[in-house]
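Undergrad: If you want the building blocks of each chain, they are given just below.
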Amino acid sequence: GIQVEQSPPDLILQEGANSTLRCNFSDSVNNLQWFHQNPWGQLINLFYIPSGTKQNGRLSATTVATERYSLLYISSSQTTDSGVYFCAAYDYKLSFGAGTTVTVRA
Amino acid sequence: EPEVTQTPSHQVTQMGQEVILRCVPISNHLYFYWYRQILGQKVEFLVSFYNNEISEKSEIFDDQFSVERPDGSNFTLKIRSTKLEDSAMYFCASSGGSQREGKQYFGPGTRLTVT
Numbered sequence: 002g003i004q005v006e007q008s009p010p011d012l013i014l015q016e017g018a019n020s021t022l023r024c025n026f027s028d029s030v031n032n033l034q035w036f037h038q039n040p041w042g043q044l045i046n047l048f049y050i051p052s053g054t055k056q057n058g059r060l061s062a063t064t065v066a067t068e069r070y071s072l073l074y075i076s077s078s079q080t081t082d083s084g085v086y087f088c089a090a091y092d093y094k095l096s097f098g099a100g101t102t103v104t105v106r107a
Numbered sequence: 008e009p010e011v012t013q014t015p016s017h018q019v020t021q022m023g024q025e026v027i028l029r030c031v032p033i034s035n036h037l038y039f040y041w042y043r044q045i046l047g048q049k050v051e052f053l054v055s056f057y058n059n060e061i062s063e064k065s066e067i068f069d070d071q072f073s074v075e076r077p078d079g080s081n082f083t084l085k086i087r088s089t090k091l092e093d094s095a096m097y098f099c100a101s102s103g104g105s106q107r108e109g110k111q112y113f114g115p116g117t118r119l120t121v122t
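Quick note, the sequences are listed as chains A and B, same order. For our numbering, count along the first sequence from 1 and bump the result up by 1. For our numbering, count along the second sequence from 1 and bump the result up by 7.
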């Protein structure tokens, strides 16, 4: 099955900072999703982005399918952005990466 | 945005007992999934379901597990004889449309604790 790798594994930010999270996948995909796992364990859909660029408020994502990677940008980070960010790529199922744990300090 | 719902939010059971986790997918969706996440680990695929039958399953989904769509709205995961290592968060997901690879919508999860 498809392999998904995320980097960095951990990220500590000062409030207001910008950051980039990376997701590499081992094969071509027709679906790439980004999630934020909140402190209650819920997976919050951030982006469905098999290719191209999308923006949602302070978050944006870019997937370059031909080069097998996706990037999640967090701008002007806030403490509420803390949590684990997962990307997941679809072959016949969603295969998740191990996640990036983001800690935003006030 | 439409939502997938799951019940219960938290279930505690004793080893060897049967549990049924319930999900209500988004009403016009055609593809249904179960995933699990052991504490501190990544989310793992268990099974996918389409047209009233299992379409794919992982190695985790052994004979102890079964899925069912008993009516037009519910989708259930049954674990026949729970083990300590079944303790995890279980997520239901659904996707719609004509493409399997469409966006998957996840429920809030059921946290299963086996004692």
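Because the hints were derived from the structure by calculation, they are not lab data. We treat Cβ as the ideally placed atom computed from N, Cα and C, and that holds for glycine. Take the hints with a grain of salt, since some may be wrong.
Listed below are the simulated DMTMM-like cross-link pairs for lysine to aspartate or glutamate, each with C-alpha atoms no more than 20 angstroms apart in a straight line [unchecked claim]:
1) B:K90 to B:E66
2) A:K55 to B:E75
3) B:K64 to A:E68
4) B:K49 to A:D11
5) B:K49 to A:E68
6) B:K49 to A:E6
7) B:K110 to A:D28
8) B:K110 to A:D11
Which stretches of chain B does chain A cover? Using the computed rule of at least three CB atoms under 8 angstroms from a CB of chain A, they are [as the list claims (entries may be wrong)]:
9) 71-84
10) 109-117
FRET-style restraints, in silico, Cβ to Cβ [what the hints assert, rightly or not]:
11) A:N19 to B:E8: 20 to 28 angstroms
12) B:S80 to A:W41: 21 to 29 angstroms
13) B:Q21 to A:T21: 41 to 49 angstroms
14) A:E16 to B:E63: 16 to 24 angstroms
15) B:V31 to A:G42: 15 to 23 angstroms
16) B:Q21 to A:E68: 44 to 52 angstroms
17) B:E66 to A:A107: 42 to 50 angstroms
18) B:T83 to A:Y93: 15 to 23 angstroms
19) B:T122 to A:S52: 41 to 49 angstroms
20) B:T83 to A:N19: 38 to 46 angstroms
21) A:S27 to B:N58: 36 to 44 angstroms
Undergrad: Please go over all the hints and tell whether each is borne out by the structure.
TA: Each hint tested on the structure:
{"no.": "1", "hint": "B:K90 to B:E66", "result": "16 angstroms, holds"}
{"no.": "2", "hint": "A:K55 to B:E75", "result": "36 angstroms, violated"}
{"no.": "3", "hint": "B:K64 to A:E68", "result": "29 angstroms, violated"}
{"no.": "4", "hint": "B:K49 to A:D11", "result": "14 angstroms, holds"}
{"no.": "5", "hint": "B:K49 to A:E68", "result": "24 angstroms, violated"}
{"no.": "6", "hint": "B:K49 to A:E6", "result": "11 angstroms, holds"}
{"no.": "7", "hint": "B:K110 to A:D28", "result": "18 angstroms, holds"}
{"no.": "8", "hint": "B:K110 to A:D11", "result": "27 angstroms, violated"}
{"no.": "9", "hint": "71-84", "result": "violated (count 0)"}
{"no.": "10", "hint": "109-117", "result": "holds (count 7)"}
{"no.": "11", "hint": "A:N19 to B:E8: 20 to 28 angstroms", "result": "27 angstroms, holds"}
{"no.": "12", "hint": "B:S80 to A:W41: 21 to 29 angstroms", "result": "25 angstroms, holds"}
{"no.": "13", "hint": "B:Q21 to A:T21: 41 to 49 angstroms", "result": "46 angstroms, holds"}
{"no.": "14", "hint": "A:E16 to B:E63: 16 to 24 angstroms", "result": "43 angstroms, violated"}
{"no.": "15", "hint": "B:V31 to A:G42: 15 to 23 angstroms", "result": "19 angstroms, holds"}
{"no.": "16", "hint": "B:Q21 to A:E68: 44 to 52 angstroms", "result": "50 angstroms, holds"}
{"no.": "17", "hint": "B:E66 to A:A107: 42 to 50 angstroms", "result": "44 angstroms, holds"}
{"no.": "18", "hint": "B:T83 to A:Y93: 15 to 23 angstroms", "result": "22 angstroms, holds"}
{"no.": "19", "hint": "B:T122 to A:S52: 41 to 49 angstroms", "result": "46 angstroms, holds"}
{"no.": "20", "hint": "B:T83 to A:N19: 38 to 46 angstroms", "result": "44 angstroms, holds"}
{"no.": "21", "hint": "A:S27 to B:N58: 36 to 44 angstroms", "result": "29 angstroms, violated"}
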